[in-house]
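Protein chains: 4
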Amino acid sequence: MKTLKIGVAGLGRLGLIHAENIYNLKGVELTAVSNLDEEVNKQVKEKYKVPNVYTNYEEMLEQTELDAVCIVTPSGFHTEHIRLALKKNLHIFCEKPIGLEVEDIKQTIDEIEKSDRIFHLGFMRRFDEDYLYAKEMIDSGQIGDISLIRSYSIDPIQGLDSFVNFAKKSPSGGLFLDMSVHDIDVIRWLTKSEISTVWATGTNKAAPELNELNELELGTVTMKLDNDVTALLVAGRTASHGYHVETEIIGTKGMLRIAASPEKNKVAVFNEHGAIRPSSQHFPERFAEAYVNELKDFVRCIRENQQPEVTALDGLRGTEVALACQESFDGNKLVDIHY
Amino acid sequence: MKTLKIGVAGLGRLGLIHAENIYNLKGVELTAVSNLDEEVNKQVKEKYKVPNVYTNYEEMLEQTELDAVCIVTPSGFHTEHIRLALKKNLHIFCEKPIGLEVEDIKQTIDEIEKSDRIFHLGFMRRFDEDYLYAKEMIDSGQIGDISLIRSYSIDPIQGLDSFVNFAKKSPSGGLFLDMSVHDIDVIRWLTKSEISTVWATGTNKAAPELNELNELELGTVTMKLDNDVTALLVAGRTASHGYHVETEIIGTKGMLRIAASPEKNKVAVFNEHGAIRPSSQHFPERFAEAYVNELKDFVRCIRENQQPEVTALDGLRGTEVALACQESFDGNKLVDIHY
Amino acid sequence: MKTLKIGVAGLGRLGLIHAENIYNLKGVELTAVSNLDEEVNKQVKEKYKVPNVYTNYEEMLEQTELDAVCIVTPSGFHTEHIRLALKKNLHIFCEKPIGLEVEDIKQTIDEIEKSDRIFHLGFMRRFDEDYLYAKEMIDSGQIGDISLIRSYSIDPIQGLDSFVNFAKKSPSGGLFLDMSVHDIDVIRWLTKSEISTVWATGTNKAAPELNELNELELGTVTMKLDNDVTALLVAGRTASHGYHVETEIIGTKGMLRIAASPEKNKVAVFNEHGAIRPSSQHFPERFAEAYVNELKDFVRCIRENQQPEVTALDGLRGTEVALACQESFDGNKLVDIHY
Amino acid sequence: MKTLKIGVAGLGRLGLIHAENIYNLKGVELTAVSNLDEEVNKQVKEKYKVPNVYTNYEEMLEQTELDAVCIVTPSGFHTEHIRLALKKNLHIFCEKPIGLEVEDIKQTIDEIEKSDRIFHLGFMRRFDEDYLYAKEMIDSGQIGDISLIRSYSIDPIQGLDSFVNFAKKSPSGGLFLDMSVHDIDVIRWLTKSEISTVWATGTNKAAPELNELNELELGTVTMKLDNDVTALLVAGRTASHGYHVETEIIGTKGMLRIAASPEKNKVAVFNEHGAIRPSSQHFPERFAEAYVNELKDFVRCIRENQQPEVTALDGLRGTEVALACQESFDGNKLVDIHY
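Chains as they are written, first to last, in full-length UniProt numbering: chain A, 1 to 339; chain B, 1 to 339; chain C, 1 to 339; chain D, 1 to 339.
Misleading hints may appear alongside valid ones.
Because identical chains share one entry, a pair is satisfied inside a single copy or across any pair of copies.
Think about it this way: if two alpha-carbon atoms lie no more than 27 angstroms apart in a straight line, the pair counts; the simulated DSS-like pairs of lysine-lysine are [said to hold, decoys possible]:
1) Lys-26 <-> Lys-5
2) Lys-169 <-> Lys-205
3) Lys-296 <-> Lys-2
4) Lys-87 <-> Lys-114
5) Lys-253 <-> Lys-264
6) Lys-135 <-> Lys-192
7) Lys-205 <-> Lys-192
8) Lys-135 <-> Lys-205
9) Lys-2 <-> Lys-45
Just so you know, the hints here were simulated from the structure itself, not pulled from any lab data.
Work out the full structure, taking the sequences as your base and the hints as a guide.
And the structure:
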């Protein structure tokens, strides 16, 4: 079995996770990385024995022989980096979102579809064992037809300062584009329905400093879907207890809750505060296994020459819906989505 | 201490609960009941040693010396029965809603306010120990300012047939007026804010027979409140696991969940289905103690000549908001509420 | 229905609870109290409108016409107070234990049995809704035959100082006699078996000050029962999180846990400590309803002239087993119990 | 980094797990397997591309160049297979127990210690994230000194038939040697104390067919440890809800429960049975990650030439205690353990 040579573009928080996961995959070589920060590059080179290290993405593509690239650069560069990789005939694993503008994304998808390369999008929740367990229960009819789905993504308040610093430098795209795309994808994936109308509300009570950044600390979206499903979505940045990602599905025959409490593990602590279940503290902890699983699936897809279940179109839909949420919030009105 | 003489009007499911609770209160006599069904009256007379039994409300008021009346008749009669009781100078405990039409309610409130009688409205959740515990945490600042509140009231599917029969005979007022008024009251009570805009959605997937009755099986309302709070509300009639009444409050410093699972008691059962917490099955079980507590408070208010915290205006607001929810659902549009 | 006149003997912590509960019972009058502390007596007289207040138990019996007495005096006086009440032909509600010495208890039981009076023993857990729910599941065969039962009673560390002060003045009888009798009764009640052999261990790590008092802070007993059941029992005085009373039953078809976590209510709190279920803090809170229910049952037994399910013999057995536990701990050996 | 060549001896249920985990480890080659069943061998050869397949352990050692061997053969062969591997100068990963007889184990340990080879024993719970989290809390003093530890290992009833078939062919060593050694190791590991006295009880109520096999379906052991700790241990074979492995630690400042309910994942299901947390169904599911982690640690130890934290002596102690439990049960007496 031929060793797959993969390069990682971008070594931010998530890029480092992907680099480590690729390094640990059997049959795979972390052949190259490209990243602006030379200090980080040096550490990664040593830690994962990376033969080729660049500060420039295009140089990496030009100078190293690769089978695939893992794109974890800032969102604004994604479509360009996808196109460059396609020109080099590389398989692509790309973090969400595909891009920030709908037309740009559509053109990129055209190019992806014209190629025969594997394109894998980083909707890692689809590879989390809890979500997969729920998906299987739903698909096997155990809770009947879905009437309602509710999904929360609330970041821990510990991360607020670093988010503020980040948002001051470059626009995040807003709460819905930055955070809710995962929930939007989960909603579409579990219900097999498209979202037709949205109404978004929100507040900055817990982080008034976000007002001047035109960002939201807590946002809510109510969605009507095709097939008579309602979806409720909450996104936030200030959970005291940790990283709260929860999804509830109410079906005609039963109800599921995925991670109603963000349990860190199976330990309960009884102390002066009561009976406590410690919480997951951040996404690398909560989705550690899902991040490994999606890369394993990427490798499997390449080896079996099979497109992954999650498609570039799923990425486009997520962006379209998130933009409609932002429009609804900005105008305080119902927004119908026309794909 | 003088014994309080109380009459109960209406001996449906909830009327029987109130009758029993009044019978068991110390210092109180269940002096009379009025109710159409003579068979039920006979049983109640025997069980609770009721000296005066009537099939007609007015006769009860005319012929029995009472201090107070507990009105549990069908909602359409409430305002009339309140007025008749006020004419007899009786203190009034009235089940929600005060009435079905806003103008009628307003006039009734006028008459209540002109009298010096105690008027106690049956929003029993305000007397439930779980809600009171949360209320105290909120009011003492333990979760900071409220940003979001979510409240579910989902009836058990076991009660669906009897609801359908009931709704065939007399209109329930619709899901929002019939069920959500409790959640609306909880939202107003906990946030101390008024609701300004609503959007309601819903479906009958689990009970298509409700379509022809113009009823909803599952409804969702998103609400904007004064003071920058969003509220999410779900009402339903087909929970498989029991009577699911849950309220979540997200504050700037923490989050509370009241009855996230409708635990029947403190017992966990481990059997072939997994690790199970049995669920409350209906409102008389879930709110047994709250129903007693609200009557104790009614008696206390009479004895101490003090108006209860929950007012007739709270009842009016509940109806106004519920009607706006219905209007939003019917027209599939945002509805602003002007009080 | 004749009003029952009840006197309460002893107004310590639990005596006050019984006094209040009797005061609130319909059809019952809190006719008299006897208690050494005149300040407490004065408060109780006012709060509950008690017509007759004594500092001497015999005087109360002599001078007040009573139907029944509720004995909550220090354990060392119980048998004497029972005998005096029987001479006055009173029905008796007596707190556990009946007495401290086996022979004394046996003679007292003889006198109880010769009388036709109702004798109700304060094993309130038999009247707790959680225990009753489990009992019903067991008796209806839902978990098959019982193989193992585990029962914990751990007092909160907040109460340690007051216990130390109490134990300095008068011997508690030791951890097993003072605390475990409730678990012993629950074990006998749920399994319908007698305990034949015990081995007890323990430590004072969390409260070394108990060493000089010859008391235990944490004790464990393993028990063999007739009918091939094993019981594990833990008693303690230093729980950080509250008042931890838990019972587990492993049957051949399933397993039950009663209050695996001592949930104070149905509220979950999410804050910087994690996902928290607040805990019950002391026995008056945990068993508030059970204390009411046992008195209701006492009244019912008197009115229906029916001996209660829990008997004086149950009290004797509890003491016999607790003494065997103490003997086992003192001698570090297996002790067989011969009734 | 040199690729490590590892052979697996024994391809039963657990052997297959180890083979797969070794196959997936980066920097490691599953170079050979030896196993009696040729059909299984054929499947494994194909699935994991194993170059060398044997039906005889010694042949594998003779004919294949290996760095290490993973011994998962029947317990009765362990000491012999360890000695043969040492002669070939191989590093050894050995499943528990090291052997069935104390003298034989002691001689084997002598030989292990005389060699410079890494010897890693399969106490995988030490590599489970939940146990490690608890261990860290304990070691950092967060629950104070340990007073009591309780540990359950209850197999699912689904596995009973296959156990009965297995036990008919070859003796399991009994419930305590077969199952409780993991709990005994956890108790010693977490408390850092040795077990000095034990009393064991048990029953076959749920599986009377075990009587004739001289096996136990449910066993209980109470243990006194050095350092004033008591341990309670339950082992069983007939849990209705799944694979129940739970450990509780009561310290002077708090209490921990590891997997109080054997939660399969983070999903809660609400259906006609109540609010359900699905359970882990068997050890490969519950300890999937721990099995991977212990092999990673084995590889790390080899590469860094460092003996693992878990030693051969830990294996000996487990066997000595388990044998004492069996002796206690057989004689219904306290048994002191002299190491």
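Evaluation of the provided hints:
In the homo-oligomer, the alpha carbons of Lys-26 and Lys-5 lie at most 27 angstroms apart both inside one protomer (11 angstroms) and across protomers (15 angstroms), since each shortest distance falls under that limit. With identical chains, the CA atoms of Lys-169 and Lys-205 are at most 27 angstroms apart within one copy only, with a shortest distance of 22 angstroms there and 48 angstroms across copies. With identical chains, the CA atoms of Lys-296 and Lys-2 are at most 27 angstroms apart both within one copy (15 angstroms) and between copies (24 angstroms). Proximity of Lys-87 and Lys-114 under a CA criterion of 27 angstroms is satisfied intra-copy only: 11 angstroms inside one chain copy versus 61 angstroms between copies.
In the homo-oligomer, the alpha carbons of Lys-253 and Lys-264 lie at most 27 angstroms apart only across protomers (20 angstroms), although the nearest pairing inside one protomer, at 29 angstroms, exceeds that limit. Taking identical chains as interchangeable, the C-alpha atoms of Lys-135 and Lys-192 lie at most 27 angstroms apart only when both belong to the same chain, with a minimum of 11 angstroms there against 39 angstroms between chains. In this homomeric assembly, Lys-205 and Lys-192 come within 27 angstroms of each other (Cα to Cα) only across copies, at 16 angstroms, whereas the closest approach inside a single copy is 35 angstroms. For the homomeric pair Lys-135 and Lys-205, the shortest alpha-carbon distance between copies (20 angstroms) is at most 27 angstroms, but the shortest distance inside one copy (35 angstroms) is not.
For the homomeric pair Lys-2 and Lys-45, the shortest alpha-carbon distances inside one copy (23 angstroms) and between copies (19 angstroms) are both at most 27 angstroms.
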